[in-house]
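Each residue of the sequence shown is one higher than the one before, starting from 88 at the first, in my numbering.
These are calculated hints, taken from the structure and not from any lab test. Computed from a predicted structure; not experimentally measured. Note that CB positions come from ideal geometry on N, CA and C, so glycine has one too. Some clues are possibly wrong.
Said to hold, decoys possible - Just the calculated beta-carbon pair ranges, DEER-fashion:
no.	residue 1	residue 2	range
1	Trp-613	Ser-399	37 to 43 Å
2	Val-648	Asp-617	45 to 51 Å
3	Glu-213	Ser-588	53 to 59 Å
4	Arg-591	Glu-466	45 to 51 Å
5	Arg-471	Arg-396	28 to 34 Å
6	Asp-393	Gly-145	43 to 49 Å
7	Arg-396	Pro-369	37 to 43 Å
To be verified - With a Cα cut of at most 25 Å, we get these calculated DMTMM-like pairs of lysine to aspartate or glutamate:
no.	residue 1	residue 2
8	Lys-563	Glu-623
9	Lys-352	Glu-316
10	Lys-352	Asp-483
11	Lys-352	Glu-539
12	Lys-352	Asp-505
13	Lys-563	Asp-484
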Amino acid sequence: MSGMGRTLTLALAVALASVPGPGASARSLASLGYTVLRWLDRAEIVRHDLSVEVDPAGLTARFADDVTFVSAGAGDLYVLLGADAVLERVSGPEGQDVAFSRAYGWLSLPFAVYRIASPGIERGREFSLRFEWHVTPGTVRFVNPFVALHFFHLGFDALWYPHMPGEQFFHADVRVTVPAGYRAIADGELVGRETVDGGARERFHFRTPVPVMGMGLAVGRFREAAAIEAAPGAVIEAWAPVGWISSVDRAARDAAAALGFFQEKLGPLPVGRFYVAELPFPGGASYPSLYGLAYGGDLSFLEPPDETRWDSDLILAYLVAHETAHKWLGGMVGTPVVGSAWLSEGLADYLAYLALAAMKGEETSASLLYAKAYRPYVEGARGRPRALSAVELFDDDRDVLYQKGTLVFRMLHRRLGDEAFFALIRSFIHHHAGRVVTGQEFIDFADAFVREAGAAGAAGVHEPAGLRAFFDQWIKGTQTLDYALQVLEAGEAHLAFRVVSRGRLVEPGQVPVEVQLENGARLVQWAGLDETVTLELPARPVLARLDPDHWLADADPANNVWQAP
Numbered sequence: 088m089s090g091m092g093r094t095l096t097l098a099l100a101v102a103l104a105s106v107p108g109p110g111a112s113a114r115s116l117a118s119l120g121y122t123v124l125r126w127l128d129r130a131e132i133v134r135h136d137l138s139v140e141v142d143p144a145g146l147t148a149r150f151a152d153d154v155t156f157v158s159a160g161a162g163d164l165y166v167l168l169g170a171d172a173v174l175e176r177v178s179g180p181e182g183q184d185v186a187f188s189r190a191y192g193w194l195s196l197p198f199a200v201y202r203i204a205s206p207g208i209e210r211g212r213e214f215s216l217r218f219e220w221h222v223t224p225g226t227v228r229f230v231n232p233f234v235a236l237h238f239f240h241l242g243f244d245a246l247w248y249p250h251m252p253g254e255q256f257f258h259a260d261v262r263v264t265v266p267a268g269y270r271a272i273a274d275g276e277l278v279g280r281e282t283v284d285g286g287a288r289e290r291f292h293f294r295t296p297v298p299v300m301g302m303g304l305a306v307g308r309f310r311e312a313a314a315i316e317a318a319p320g321a322v323i324e325a326w327a328p329v330g331w332i333s334s335v336d337r338a339a340r341d342a343a344a345a346l347g348f349f350q351e352k353l354g355p356l357p358v359g360r361f362y363v364a365e366l367p368f369p370g371g372a373s374y375p376s377l378y379g380l381a382y383g384g385d386l387s388f389l390e391p392p393d394e395t396r397w398d399s400d401l402i403l404a405y406l407v408a409h410e411t412a413h414k415w416l417g418g419m420v421g422t423p424v425v426g427s428a429w430l431s432e433g434l435a436d437y438l439a440y441l442a443l444a445a446m447k448g449e450e451t452s453a454s455l456l457y458a459k460a461y462r463p464y465v466e467g468a469r470g471r472p473r474a475l476s477a478v479e480l481f482d483d484d485r486d487v488l489y490q491k492g493t494l495v496f497r498m499l500h501r502r503l504g505d506e507a508f509f510a511l512i513r514s515f516i517h518h519h520a521g522r523v524v525t526g527q528e529f530i531d532f533a534d535a536f537v538r539e540a541g542a543a544g545a546a547g548v549h550e551p552a553g554l555r556a557f558f559d560q561w562i563k564g565t566q567t568l569d570y571a572l573q574v575l576e577a578g579e580a581h582l583a584f585r586v587v588s589r590g591r592l593v594e595p596g597q598v599p600v601e602v603q604l605e606n607g608a609r610l611v612q613w614a615g616l617d618e619t620v621t622l623e624l625p626a627r628p629v630l631a632r633l634d635p636d637h638w639l640a641d642a643d644p645a646n647n648v649w650q651a652p
């Protein structure tokens, strides 16, 4: 075994030994393994030229990828490929075989690590290798791309093309050959379609660089629905699965509305033609990209964990809004596969609720946010949750990314106010487009941006120097905020109360207290912590509620409410 091979063995062994107890999930092992492999970079991928042949009815898929690397120095390459694929051959530019071996492919990992013999290319120079592999039902262990009869799909979770552990943007062309009667729907711009023996070949070109997790591919019997103009210069194509009841028309309309909202708030996208495709996934699934959205199956898993029967159209609109937000955060600006899920998912989810408010009304959006994010966060805070920065998309507790993550960005919105909040996100995307950035880079940028710009949010107080501490506490820490409403005196026409903190964390500024009167009237009074507020009222107070719109991630909202006896 080579010295680097021994290093890999030792590194993985140390990482896996650190998994806390026998209950750790396979996906947690995947997170650890991927993190360790980032230490082994020996090149950067800058281009993929993919040729794909898919026969959904025959249950076969073959791939060839001419990959262009930039060398990072001597040494073997370590390349990742999804565990469902079987790598058959690696060759050089002259067709000569290049030695490779499966370095690691443990049953618990959703990817295999291949060691490719050192190409001997000096640092900074480009070189290319051709990878050939196949996927069949017999090779599948994690993500089955043969989702239904006549339908095939590969998304980012399949790790379906070669990856290097250090994720960056790359250029790509994808050629897909399909049998007669089938269509390919792939990320990129369709720039050519030609007839070949027994079928067709379609070519998709990426006009702008794509992030490492940014390519998806679907093949099936699709029916094209009417295209929708989403915004000036933006068109959404809708594709429905033939033979299945489809919601794609509604999804496309929701995508158009969400796209219009985000373009106004976050700025334009570098492409103008998008797709929304529904597939008959055996379970609910969705795959966003800069160019489109593939979704389908039973989406009830997105409903809040309560007994309420939620409108399926609302759940679909929420899904579409969330995935549309990923065109900016994920498509234009990339985030690492491991290490910054709180940024990519927490921010996208909060932006989705803001878009949903514009699409379906503020009250509807607020109700869904309460049920999907706020209430589950409160229930989880009673246990021993991990720091948000430690949670990955592979992990069993990933739901906290969409619960606490959403609420953290809601509190950031409260601190800054509308104008500064959207200006921050817009500026962050503008300055980092075409790059993979970490959560820490976002924190550093936000800190510098807010110090320079200054802002006064809904709380009425802005503390630029406290923004870094805010992220340290809410992203990297596990302590909680717990405000309580203490009613000191209640009479026929007056109410005296105080807002106190019973937790370890506090947020700057005053908080609203909504008072409901016996005659049905409501009023809102703002109060600072430990400030005694006395109200003279036109009628008897019957109810008081602290932070009625849930701007704060309060771990115990039960003590936020007072009700007259």
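query: Going through the earlier hints one by one, which of them does the structure break, listed in rising order?
result: Result: hints 2, 4, 7, 8 and 10 break, sorted rising.
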